[in-house]
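J.: Residues per chain, in single letters:
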Amino acid sequence: MSKRRILALFGDFAEAHNAIADIRRNEVPGVTVDDVTMKSPIEHPEVEEVLGDRPVHVQKFTFFGAIFGVVFGFLFLASAQATFLVQPQGGKAVIPLPSNFVLVYEMLIFFAVWMTFISFLFLAGLLKKRSRLYSENVSLDQVGILVEVDEQLAEPLKGLYKRHKVLEIREEVMQ
Amino acid sequence: MSLDNVLNHWADYRKGAEEGGFHDPKGNHPYEHRWTMAINLDLCNGCNACSTACYAENNLAVVGKERFEKGQAMNWMRIERYWDHNAQDFPQQGASFLPMMCQQCGSATCEPVCPVAATYHTPDGLNAQVYNRCIGSRYCANNCPYRVRYFNFYSYYDEAWPEPMQQQLNPDISVRDKGVMEKCTFCVQRIRAAKDKAAMEDRAVRDGEVMPACAQACPTSAIVFGDTQDENSIISRLWKQQQVKRGVAHQDKTDPDLRGYRIFEELNVDPSVMYLERVREEI
Amino acid sequence: MSINRRNFLKMMGWSGAGAALAGCDMPTTVTLEEGREEVVSYLAPEEYVIPGVGVWYASTCTQCAAGCGIHGRVREGRVLKLEGNPDSPINKGKLCMMGQAGVQGHYNPDRITQPMLRKGGDLHAVGWDEALTLLNEKLGGVKDDRFAWFTGSLSGHQRVMVDNHLEAMGSRHHFVHEVVNNAVSRRVYAEMFADETPRLRIDKAKMVLSLGADFMGVSESPLLYSGDYTRFRTGETRGLLVQVEPKMSLTGGSADLWLPINPGTEGVLALGIANLLLNKLKMSDAGIPGEVRRLIDSYDVNRVARHTGVAGDRIQRVAALLQERAPSLVLVGPAVEGHVHGHASVAAAMMLNHILGNVGKTVEAGRRLPFAQLQAKSGNTADLLAFADLAARDQLDAVIFYGSNPAFTAPASLGLGEALGHIDFKVAIAQFPDETAMAADLVLPVNSYLEDWGTQVAAYQGDMAALQLQQPLMEQLHPQTRGFGDIVLALLKQRRSDEYGRFEDYYGYLRNAFANMPAAIKGGASDEAFWNAALQVGVVDVPAETASLHSQVVNFADPVTEGSGSQALTLIPSPRMGLWDGRHANLPWLQEAPDQISKVVWDAWAEMHPETAAALGIGQGDLIRISSDQGSIEVRVTLLKGVNRGSIAVPLGQGHSDYGRYAKGLGANPLKILSPLVEAETGEMAMYATRVDAKRVAGPDQFGLVKMGGSDTQAGRRLVVTVPVEQLKRSRGA
Amino acid sequence: MIVNEKDINEQIKWAKINTDVLRSMDNPRKSYWVAVAVCLAMVGCAALAEYIQYTTGMGAANLNNPHMWDMYIATFVFWIGMSHSGTLLSAILHLLHADWRKPIYRFAEAMTTFSLMTAGLFPIIHLCRVWNMYWVLPYVSDRGIWPNFRSPLVWDAFAISTYLSASMLFLFIGMIPDLAICRDNTTGWRKKLYTVLSLGWEGSDRQWRNFRKVYLLMACFLIPLAVSVHSIVSADFAMSIMPGWHVTTFPPYFVAGALYSGCAAIITLFIMLRYFFRFDEYMTLPIMEKVAKLTFAIAMVWTYLNLIEFASVWYGHDMYNKELLIAKASGPYAWVFWTMIVCGSVVPFALAFRSVRRHMPTMFVVSILLNLGMFFERWMIVAPTLSLSYEPWQWDVMWGSIVEWGMVFGSFGWFGLLFLVFVKVFPSVSMYEVKEMVYHRRKSAGERDVLRMTDRAKSVNQTPSVEGA
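The listed protein sequences derive, respectively, from chains A, B, C and D. Last residue of the first sequence: 1258 in my numbering, with the numbers rising by one and none dropped. Last residue of the second sequence: 295 in my numbering, with the numbers rising by one and none dropped. Last residue of the third sequence: 763 in my numbering, with the numbers rising by one and none dropped. Last residue of the fourth sequence: 493 in my numbering, with the numbers rising by one and none dropped.
Only pairs whose alpha carbons sit at most 30 Å apart, straight line, appear in this in silico DSS-like list of lysine-lysine:
1) D/K467 <-> D/K237
2) D/K237 <-> A/K1143
3) D/K216 <-> A/K1211
4) D/K40 <-> A/K1248
5) A/K1212 <-> D/K216
6) D/K448 <-> A/K1212
7) C/K693 <-> B/K77
8) D/K467 <-> A/K1241
9) D/K467 <-> A/K1248
10) C/K235 <-> B/K252
11) D/K37 <-> A/K1241
12) A/K1211 <-> D/K215
13) A/K1245 <-> D/K37
14) C/K522 <-> C/K551
15) A/K1245 <-> D/K467
16) D/K37 <-> D/K215
17) C/K724 <-> B/K77
18) B/K252 <-> C/K758
19) D/K40 <-> A/K1245
20) C/K701 <-> B/K77
21) A/K1248 <-> D/K37
22) D/K215 <-> A/K1212
23) B/K265 <-> C/K758
24) D/K237 <-> A/K1212
25) A/K1211 <-> D/K237
26) A/K1245 <-> A/K1086
27) B/K257 <-> C/K758
28) D/K40 <-> A/K1212
29) C/K670 <-> B/K77
30) A/K1211 <-> D/K448
Hints listed in this document are in silico derivations from the structure and should not be mistaken for laboratory results. Since the structure is predicted, the reported quantities are computational estimates derived from the model, not experimental observations.
Construct all of the structure, not just a fragment, from the sequences and the given hints.
T.: Next up, the structure:
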């Protein structure tokens, strides 16, 4: 049986908040809050809370990047200096720690920052085509709630939205 | 080999001159030679022979009046002339002449700052300057307390040696192009020649076998040059006799009357040139 | 692993493909063609220095008349570097800046490479045949005394050739001209010591009183004296040098006591010291003629102090020291000779040596070659005057100039330029287009001394009498130039083919001359061996003959000066080690080497005492006009305390109107404005007697006066530390 | 007047925010093209100068033996310094939750990036063998040759490249939501461009959550980075043994100076944008006041560090340093030195006056003066030490040639050019953050009505439009 994806746009952030809260309270049986994706023009943590605890993992990659920067940085510098036979010490391989600290510090930040960025691209689900249900208003001043439900659940859901002064509802049928 | 080096040397910090500079505890890296110089300021009469000999030996460019005025002259060996002694109203004791060239410091300030290691410490204890490696950041010259590094602010090879003057150029060393730092090398090409000769004859380099152009020309023999690794060389005897030690920031002599001293040694750069104080008789 | 060549290559090998590649761009030394290299080195400069095998040839330096022995490093057929010849008794392996710069004269871009003939006003290149035929026919038409040679100092077989040519021409006129000379002193030496060139043993003296004698700079043998000076300073008791002169010379810079003195009063000072020695310090006046004794007595300290401007107590101290530090030595320099009464002043000074009993101790008999004809003919200025006079009176038809540049050195007062006009045929045997050559009718390009054969005999021999060989260090640089000997030989062949026809060239002539040397000199060696030895060593030790010195004081005039003219200052045209009398102004190394005392470079300048300058409203770097009764020059001023207050010093050497790219149009030539004063006894030019005025013309300008050095004081740094001699004595003990 | 006015009109409609900012980006006026032309001309000067220098050598810049460095390094330090303000505003204030930064941090960050791109040119220009520049980078070479990792110049290379990439990323990430807005409101090539750049942002909660964390992390890294960068730049001098360079307080001194000149530059650009783009509603006087106060505080820190440096030199009684200090104040460079003191330490007191802070023309002049002072400060750091060092024989005073100054002059054109391009291609005010600002402010003000951000009142029982099927 076919599924339906429904995008409801709210002008009033509180109503949107309540609507999600209702879904959370399972007022429409079968639709759980985990199916809900909220789209909004700004970041407002306190509104998102209602979606429940959705973890973020970027920092792990950042941490990895930083560690990599330190380890790789030091090994790279050390081996470079050790093989650099004509160091300003005249043929003696020397690994001057003080300057390595400085350089390793920079490399730490360098790799950490890049890892953060790259991981962000994937974890935030960027670099993808937008769903056809996307509405410009979301980038302007409206909050959108996107849910994917079975055919028969669509109506009750819309009813719920209407109770919360929904501005506009878009939906698409999925095979 | 890289790994080998890392494992063997990763703990070798930069050795200060006080530890023998280039030397390390394992004794892996003793200096092969330690070329040093002594200049007796009581004999120097500032006649410029050394400086001109240096021009002849080392392919130094003549820059001309305007560039000389701008301070772009290339005199590796320059004779400084100072007037002040006991504030006489006329220079009662003559002039104070100071032949100043690269002091080949044991812990040279120019070396660590070069971004590409174009200047480094050779196993002979010299500050080598690698013209080809130099990219012209000029940091070394900024960090030289003696201001004895000279930069090729222009290309001179066509202006300074008009046909047929370029035939005089010394083929043992290059003519530096613009953008390269250069300085006194203690006539490294002569050192090289002597070492090769010695190697061919399978013997050590003899004292006095190497003689830089300035020392060879000096009409009053004010400049003595030699290898202090060689215990019996004139130069090492001279340093010992003057009780001047390497690798210290100030000398404590049992005999304070000895005239040997090193310029700016309090900066702990450990120069390889010892000057003997100028003597004057008060009458 | 330490980094020597082996390890280095090992490392290369280890770095795999790199090494293979490295093979093709292994760093190489510079090639002359491009003059630089492009490859990236292995950061080990020594590693790619592949010294070529240089060959060293002995020869003799002719940059000044001292005749130092040189070794030329020759590689790939080119002479690269000159060093002193350790076997030379004069410079003993050392070489001064002028000697070093010899190669630049040889490779100079402005050399004359073609015979040139004056056709319709200006010079045009001609072939040698044309030149020589013309020369011969011109000389053919000249009657005996109307022909003359005009040369610089000349010695050895070149001199013999010239003399023979004069003889062949039946002329007596050989003018030998040098601006830097000691003709007056030679006269006095001859009179008082019976030896024109006594060996003055600075090294044996415990104290040297130098009256303007720049013996380490501009003197008859700078390097010989420099060697002496080293021993003088480093001997058992460090010698004491007192320098008295109107302008600090190179030697003055090393004095223990430097005293400025009013120009021309050195003789007075000498008399004053004599007075003290005889009357106060009770030294014997044996051998001093009565008049002289009276003259001495008339100069008490106060009078002397008034004349000389040297403080009385100073004079007394110096006198006392002279007595105490025996043996001492009193020297004189051109500044003493170059006055109307120069002879008297020099005599007075030499008298001190007599009184102090230095003769025989520090004044030794000079060594001389047994062959009079090889002796050096030392130049002077009297010959210049005589020549100018003859020329002006139209007494000369043909003159050959060589090794001297009268057109540059002659004062304007001589009117030489106009006088030369009277000479129908002027031949210049020249290496460079100097002023004289440019004024000549025929210019013959001569080899540089590094590509020519010859023998040199130093006028002032060292510890042995040496005949020094001058040999070509390389092939001729320019095909069209010829050796001086060859040119004269060609002339002689015309006149005395019977005698000289057999010599193919000057080389042949020299070989023959050496072959004919007495066995005593050859030491039993075969001609071949003897010649080769000479070539190898460059010096032939000839058993010397020495005059037997006697020490007698001759009568001399009262050397007191009366300031002549209204002018305020005395002009000191000071020659300098470097450009000398101007003959080296075309050598860039010497132009770029700053003056040893004033540190001014690339220009002529005037040195004034700050107070004198201030009084005239003149400041550092100002452009001033210096005018004598003979004209004026404009130079920039540098203030210097090493100048007597009443004097203004202008170095010689600059102010060339020709002489190639490096010399032309730089500075001014003080010789031009000299007053026509003549030394009374010898007829030499009184070069140091001209009175001048100085007037400010313009203020400083950036490229006006180029002076080296950002600070004249050490600003509290411990750069040059001066210690009292007592400390030296103490440390000697240790 | 003690009225606590609002940083921004909280009742502003979000649609208006979008339109205002988007308006600033399209169809440039004539004045814009004039500005671009001027900047191009300046860059042209620099290009010409570089050509001359490249062909003749560093002598063209009048550099000489004691003065191996001069304006190039001074200007380099100047631009590096200017780059610190962006980081300061966005990162530090972000962590401090100072939301008044939101309307103005975007162009500040852009300034950071562009002044870095300008600064980066100078080490290259000042190399005489530019073509071998890459030898400073640690690349693997068959000859076993590496850069000298002990040289502060190599540290510079590391630090600047890190800082440049980090600040660019920071700028870009912060811009993504706005790029999405642009995407939704433009057509043609802009639409294509923004579609690519916005990386398919659709404001879903997942994106926002990651975004928030990433932005925080970046901020945390950028602050120490910025500090380290300028400390390392100061190491170029502090690591040497030259009097006047070998100074322990240099790292903080440089950082303070950097923030100082950065803030001054922000004020300048603030005023220009406010004027040209009529951003009065976003770049408001209260915000300007806050920036001005910040600047004043930093100016005082800088002055203090200056003074303790002088003091330590004076009482430390090291001959070389002392004579250098005296020479700075009395020697040929005196006029530069005193201009620096006046502009850097005296002029900022003007910022203490409310009337000054609120009078844009005056503020403009003041900000220019401050930057002049900071430029001279860099000059005074580099030149006198070289003129007057240990070796008296080599003492010399040198004034740069037209070539050198042409290059310095051109660098401003280059910076201006980059900035001009930026303001027309990217939103120079952060739209979404201004929205957040007003949203949160009104919320915290406790209005019930707060949460209605749209003015479109639509009937509820209207039949919804249905797509798909």
